[in-house]
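Peer 1: Chain residues, written in single-letter form:
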Amino acid sequence: MFRFILTRLGLLIPTFIGVTLLAFLFIHLIPGDPIEVLAGERGLPPERHAALLRQLGLDRPMWEQYGLFFLNILRGDLGHSLVTREPVLGEFLTLFPATIELSLCALAFALVIGLPVGIMAAIKRGTVLDHTVMGVTLTGYSMPIFWWGLLLIIFFSGFLQWTPVSGRISFLYFVEPRTGFMLIDSLLSGQEGAFRSAVSHLILPAVVLGTIPLAVIARQTRSAMLEVLGEDYVRTAKAKGLHPRRVIGLHALRNALIPVVTVIGLQTGVLLAGAILTETIFSWPGVGKWLVDSIFRRDYPSVQGGLLLIATVVMIVNLIVDLLYGLINPRIRHAR
Amino acid sequence: MAAESQAERRLPRAPRAESAAKPPHPLRELWYYFAENKGAVVGLGVLLGLIAVAILAPVIEPHPPHEQYRDALLVPPAWEDGGSWRFVLGTDVIGRDMLARLIHGARFSLAIGFLVIVLSATAGIGLGLVAAFFPKWADAGIMRLMDVVLAIPSLLLALVVVAILGPGLFNAMFAVAVVYMPHFVRLTRAAAITELSKDYVTASRVAGAGLPRLMVITVLPNCMAPLIVQATLGFSSAVLDMAALGFLGMGAQPPTPEWGTMLADAREFILRAWWVVTFPGVAILVTVLAINLMGDGPRDALDPKLKRS
Chain A
498 MFRFILTRLG
508 LLIPTFIGVT
518 LLAFLFIHLI
528 PGDPIEVLAG
538 ERGLPPERHA
548 ALLRQLGLDR
558 PMWEQYGLFF
568 LNILRGDLGH
578 SLVTREPVLG
588 EFLTLFPATI
598 ELSLCALAFA
608 LVIGLPVGIM
618 AAIKRGTVLD
628 HTVMGVTLTG
638 YSMPIFWWGL
648 LLIIFFSGFL
658 QWTPVSGRIS
668 FLYFVEPRTG
678 FMLIDSLLSG
688 QEGAFRSAVS
698 HLILPAVVLG
708 TIPLAVIARQ
718 TRSAMLEVLG
728 EDYVRTAKAK
738 GLHPRRVIGL
748 HALRNALIPV
758 VTVIGLQTGV
768 LLAGAILTET
778 IFSWPGVGKW
788 LVDSIFRRDY
798 PSVQGGLLLI
808 ATVVMIVNLI
818 VDLLYGLINP
828 RIRHAR
Chain B
1287 MAAESQAERR
1297 LPRAPRAESA
1307 AKPPHPLREL
1317 WYYFAENKGA
1327 VVGLGVLLGL
1337 IAVAILAPVI
1347 EPHPPHEQYR
1357 DALLVPPAWE
1367 DGGSWRFVLG
1377 TDVIGRDMLA
1387 RLIHGARFSL
1397 AIGFLVIVLS
1407 ATAGIGLGLV
1417 AAFFPKWADA
1427 GIMRLMDVVL
1437 AIPSLLLALV
1447 VVAILGPGLF
1457 NAMFAVAVVY
1467 MPHFVRLTRA
1477 AAITELSKDY
1487 VTASRVAGAG
1497 LPRLMVITVL
1507 PNCMAPLIVQ
1517 ATLGFSSAVL
1527 DMAALGFLGM
1537 GAQPPTPEWG
1547 TMLADAREFI
1557 LRAWWVVTFP
1567 GVAILVTVLA
1577 INLMGDGPRD
1587 ALDPKLKRS
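Listed in order, the protein sequences are those of chains A and B.
Last residue of the first sequence: 833 (this note's numbering), numbering continuous.
Last residue of the second sequence: 1595 (this note's numbering), numbering continuous.
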């Protein structure tokens, strides 16, 4: 197992360096140099331009600049936002809990519905239920989620007036950010109705963001379950006269869930990409909306830092999933 | 190739009468397995319909897509109160006919999706072949680069590429093509490496085939099955991602009648005029769903392992 972890870590390091290189090149691939971007439309006198270049170390050779950039990353310094002048890492960390909260709730929604539905479809293979599940999940998988979000707003916020349109909590409440997770903070604040308000703000975005993972998880669970249900040991368990619920719930499900775990892990990237759209539609103050805003404001250090941090998050989650996979599936662990 | 060899192996077991029959034409066989999947046939039908609409757009459009009817702003669809059959699906905020814009949007979305996949597949297959045929350092370099691309969520990478190049239809297409490239590289490399150890490749090497011939003419055709499946899957994702970029204001720019861009324009009116929001989204969903439904067809038809099972 130790060897397995080491091999995976060994593969991660070149990828991380690659991502830093990409993030570094990003700034240099933008037409014009960073000083011109900073100066904006007013422009700068040439001598001031040269002085600034020297001050920021941009007149040094590229490899030296990259080395400095890499060292700064290791020290946790991702530069400063051009708009707010705040450190990029700090801004990211303030906003990231909102995205995590949204993504976790979306994933929970996808799991709570996707897993049972997938199992049911596999057990009732070929029935109307199975066909309905497959049809609905394919539709969910094909859904343009930015449009799906707008539709839900029209129906639930406009027509029924059940849920608010945007934000994380009603402006009537002031909630001190202690954990950064609005659900927890609103409970901790002790104000009546604050938690309710936070939940009502969260439901629609979580459903929108969870739609595609739900479809993927349900379909993957179904096919994994079908594969396992055809195995000899399941037939043996049935032949021994075990209750079908026990055969499916205990014997089949345990093995069927192994590939599903990987698929759930792969949803991290999907969730973070989806968060960009979902947060934009619902004005959810997370890193997705921040990135889109930063691109529009030409706040390149923020885009660069966000790119680097999100890629790192995806890589770390993928690593954890891989390790988990090795832990629950002995065939992988012993193969290496 | 693999399918044929499997068919040959099965022949001796078949009854005598069938051995005299000629094997069906490969395309006919392909269609036979494709048609087994009813959903795929429906998907193909819808997609062909959309392609027909896209090609015939200038002929069947009820109004020019950019024509603004100042006397008919935000007119609801014909069946609603206040709607008229002059504008079947209503008009948008500056009085342009929705139906005409949707019809022209089909041109953009389908052509864009197709071009993105052609671009992405060509580059990806090329790099994949290089990774499979060239020495270890080229292989490792290409594959690590693809790992980096895969570590970044697709839409984020596309956004960043657009941030570098500037918003616009062509830059967005390029960005999405980059995002989908790693899948083609990985599939091509894996398939090509499997083929490389086979006797027919050794034979053509011995016969003196040069590297380009070996790569493109000998090996590549036998790697096509998974690539075609990936291309159909990628096609639907590309249509979705391009619409998403359009929606975020990074893809096609107004007044282009691209579905995602139309949705972005309509966002302000979602609580006042449901039709300007609903129809472009339905168009995107139907297109993507049709492609995804159809995508299962080639998978069944091209994967010899799924056949006859």
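If you're looking for bench data, these hints aren't it; they were derived computationally from the structure.
Worth double-checking, as some hints may not be accurate.
Heads up, incomplete: computed chain B residues facing chain A, CB under 10 Å, no partners named [stated by the list, open to error]:
no., residue
1, 1347
2, 1349
3, 1434
4, 1557
5, 1578
No residue lacks a Cβ here, since even glycine has one placed at the ideal position from N, Cα and C.
Peer 1: Compare the structure with each hint and give your call.
Peer 2: Status of each hint after checking the structure:
Interface hint at residue 1347(B): violated, since its Cβ lies 23 Å from the closest Cβ of chain A, which is beyond the 10 Å cut-off. The closest approach between the C-beta of residue 1349(B) and any C-beta of chain A is roughly 24 Å, which is over the 10 Å cut-off, so the hint fails. Interface hint status for residue 1434(B): upheld, as the beta-carbon distance to the closest one in chain A is roughly 4 Å, under 10 Å. Hint status for residue 1557(B): holds, given a least beta-carbon distance of 4 Å to chain A, under 10 Å.
Using the Cβ-Cβ criterion of 10 Å, the hint placing residue 1578(B) at the interface with chain A is satisfied: the shortest such distance is roughly 5 Å.
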